[in-house]
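Peer 1: In order, the protein sequence lines correspond to chains Z and P. At position 65 of the first sequence (counting the first as 1) the number is 65 in the numbering used here, and the numbers step up by one without a gap. At position 206 of the second sequence (counting the first as 1) the number is 206 in the numbering used here, and the numbers step up by one without a gap.
The set of hints was computed from the structure by calculation and includes no laboratory data. C-beta atoms are modelled at their ideal positions from N, C-alpha and C, and glycine is treated no differently. Please note that a few of the clues may not be correct.
Computed beta-carbon distance windows for the label pairs [claimed, not checked]:
hint	chain 1	residue 1	chain 2	residue 2	range
1	Z	81	P	104	45 to 53 Å
2	P	324	Z	55	54 to 62 Å
3	Z	190	P	208	31 to 39 Å
4	Z	182	P	25	49 to 57 Å
5	P	104	Z	182	52 to 60 Å
6	Z	275	P	20	49 to 57 Å
7	Z	133	P	111	34 to 42 Å
8	Z	164	P	122	36 to 44 Å
9	P	187	Z	55	52 to 60 Å
Okay, here's what each chain looks like letter by letter:
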Amino acid sequence: MSLMAIHLLNGISFGMILFLLSMGFSLTLGLMGILNLTHGAMFMVGGFIGYTVVGAGGNFLVAVLSGSIAAGLIGLVIERLFLRRIYNRLDDQVLLTLGLVYIFENVILWIYGGHGRMTNPPPFMAFTVDIGGRSFPGYRLGVIAVGLIAFIGLWWLIDRTRIGAIVRAGMDDNEMTRGLGINHELIYGAVFALGAFAGGFSGAIGTPMMSFIFSMPMEVLLYALIVVVVGGPGSVLGTLIGALVIGMIDALGKAFIPDLASFTIYIVLIIMLLFRPTGLMGRTMA
Amino acid sequence: MGGIALEPIKRSSQEQLVRLLPYIFGLLLFTMFPLLVPTYLQTMITKVFVFAIFAMSLNLIWGYTGLTSLGHAAYFGIGGYVYAILVTRYGIESFWVSGPLSILATGLVAAAFGIVALRVTGVYFLLVTLALGRLVYYVAVKWRSMTQGSDGIIGIALPNLGLPGFTWNATYFCFFVLFVLIICYILLYLIVKSPFGYALQGVRDQEPRMRCLGYNTWLYKYIAFIIAGIFAGIAGMLFSQYLGVFHPDHTGVAMSTVVLLMVIIGGTRMFFGPIIGAIVIVLLEYFASLYMPARWPMLLGAVFVIAVMFLRGGIGIHLVRLWEKVINGYGSVKGCVPL
């Protein structure tokens with residue numbers, strides 16, 4: 001029983017990382033209609049920069065901040081330099097962002113080599129909690145708490161503030177929103193940078209939980225894609241539910257059917273697309 | 001007067017010749033070139049031919065039907081794996097048995113995957129093809145007893161054609177692949193120029209209108225999906241013979257994206273575009289492997305960015321414009337239609 005609790009907690013903490021990761025992806029897809037395939041690379045960049053700062057003797061919180069800010073800035077540059085010119089051209093967005101993924105992967109390989117990298121949890125969270133006679137890392141509990149705080153913050157931002165109202169209006173009727181005098185260039189740039197920031201943040205806080213390697217972006221991206229498909233794009237609550245479902249299925253799959261664990265999330269994706277392509281909580285997508 | 005009667009365009013024999021000139025030129029180039037260059041370049045040209053088939057198959061569903069697939073290497077991989085397993089594991093030596101069987105297997109997988117993928121459109125079609133491609137990749141990695149996992153299948157012999165006293169060398173194999181390429185080119189050309197092919201382009205441009213006209217657009221897309229899968233399987237089968245080994249990476253995301261790049265470089269609206277794309281990318285990879293093998297993915301990424309930002313429409317369309325300029329410059333043919 002306590003073993004099951006450990007597996008579930010592992011799933012929830014991984015799900016929280018997925019939530020933070022997918023929220024950024026979901027915002028850019030839902031609001032801007034941009035399929036940003038570099039999102040997995042943002043996760044990786046955030047993680048590697050966090051790793052470097054910790055390795056250089058930096059504080060863990062500073063590492064997380066620098067990783068996420070760096071990813072946010074990279075996202076802003078990508079949006080201003082390239083994506084701004086190819087709104088509404090899905091094929092071109094796919095090809096462009098795929099090309100950028102190749103570049104990011106190769107740069108990371110160049111700098112860090114082909115080995116996996118992990119950091120230790122920060123000293124103030126390097127304790128373990130006793131759950132039914134088994135120990136569980138306190139850091140993962142911390143990640144769950146951070147995820148919940150981020151969920152409340154994002155839900156408040158999207159559902160309760162003027163900025164959130166503009167973002168939601170942009171998802172539903174972009175032209176009308178612009179007609180009302182909203183500076184959509186500014187909003188688009190800001191949302192894209194925020195999305196990349198979330199990607200980098202999830203990567204940076206994920207470094208004590210998983211091994212980071214140059215070849216990870218497509219794998220990470222697929223997790224984000226599947227979460228968004230399960231939860232529905234553009235919904236904060238949907239993304240949280242999708243992330244927890246996928247995090248749990250993934251953790252339980254790895255625990256009980258390790259041979260087939262690689263397949264589980266794809267099978268979930270296919271079932272979802274066949275029976276409920278708008279996602280569990282989905283706003284309809286244009 | 002009830003309207004303007006549409007008459008078929010009548011072409012004089014001179015115009016016919018001008019229209020055929022690029023083909024004659026291309027065929028001469030492709031047949032003469034392998035004879036004139038050293039063996040290591042011959043193997044590279046063979047690779048170009050293999051990828052030309054692969055890229056043309058993608059163009060049928062992407063350029064002509066408007067379905068962007070991010071998992072087309074799945075069918076490339078199935079073709080390659082089924083052939084490799086039949087030959088190395090079950091000892092079916094004859095190409096005339098193992099070849100058609102692997103093509104049939106690819107068609108069946110494409111038929112099954114098509115049902116799933118074509119339930120959705122747009123972004124979701126892209127995502128589901130990506131996931132299906134990933135599924136094939138994981139099967140190739142995990143089903144060790146059949147596929148040798150990430151070691152890959154080794155020792156795939158060149159196809160046994162059953163000709164007495166015939167032995168392969170690099171030149172013969174190059175011409176064999178060229179022969180298959182020409183057959184695939186003609187078949188795909190006939191498909192694209194058939195009523196079926198025009199219906200596909202109608203589906204790409206105006207699906208609701210095609211539905212109003214009574215076309216079962218789903219069925220058209222589904223059949224195009226299967227045909228594209230089959231031709232990708234042929235390319236995969238040739239690739240396994242060409243390399244002698246087949247590896248899970250040959251069915252992975254990287255392979256799917258490289259073939260996308262070939263099509264976009266050549267131009268999705270030109271029938272011969274994917275061949276140009278295959279030539280450009282294979283050549284680039286060859287030179288990168290000589291001078292900066294570790295930086296090849298970065299170069300590839302840069303080519304993606306350049307292709308999207310600066311090469312709208314692909315190289316193919318520029319070649320056609322150049323050709324028209326050359327022809328019209330002599331004032332012999334007006335409005336030479338791109339082939």
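Peer 1: Now tell me if each hint is right for this structure.
Peer 2: Comparing the hints with the structure gives:
{"no.": "1", "hint": "Z:81 / P:104: 45 to 53 Å", "result": "holds (47 Å)"}
{"no.": "2", "hint": "P:324 / Z:55: 54 to 62 Å", "result": "holds (60 Å)"}
{"no.": "3", "hint": "Z:190 / P:208: 31 to 39 Å", "result": "holds (36 Å)"}
{"no.": "4", "hint": "Z:182 / P:25: 49 to 57 Å", "result": "holds (56 Å)"}
{"no.": "5", "hint": "P:104 / Z:182: 52 to 60 Å", "result": "holds (56 Å)"}
{"no.": "6", "hint": "Z:275 / P:20: 49 to 57 Å", "result": "holds (52 Å)"}
{"no.": "7", "hint": "Z:133 / P:111: 34 to 42 Å", "result": "violated (53 Å)"}
{"no.": "8", "hint": "Z:164 / P:122: 36 to 44 Å", "result": "violated (26 Å)"}
{"no.": "9", "hint": "P:187 / Z:55: 52 to 60 Å", "result": "holds (57 Å)"}
Of the numbered hints given earlier, the model fails hints 7 and 8; all others are met.
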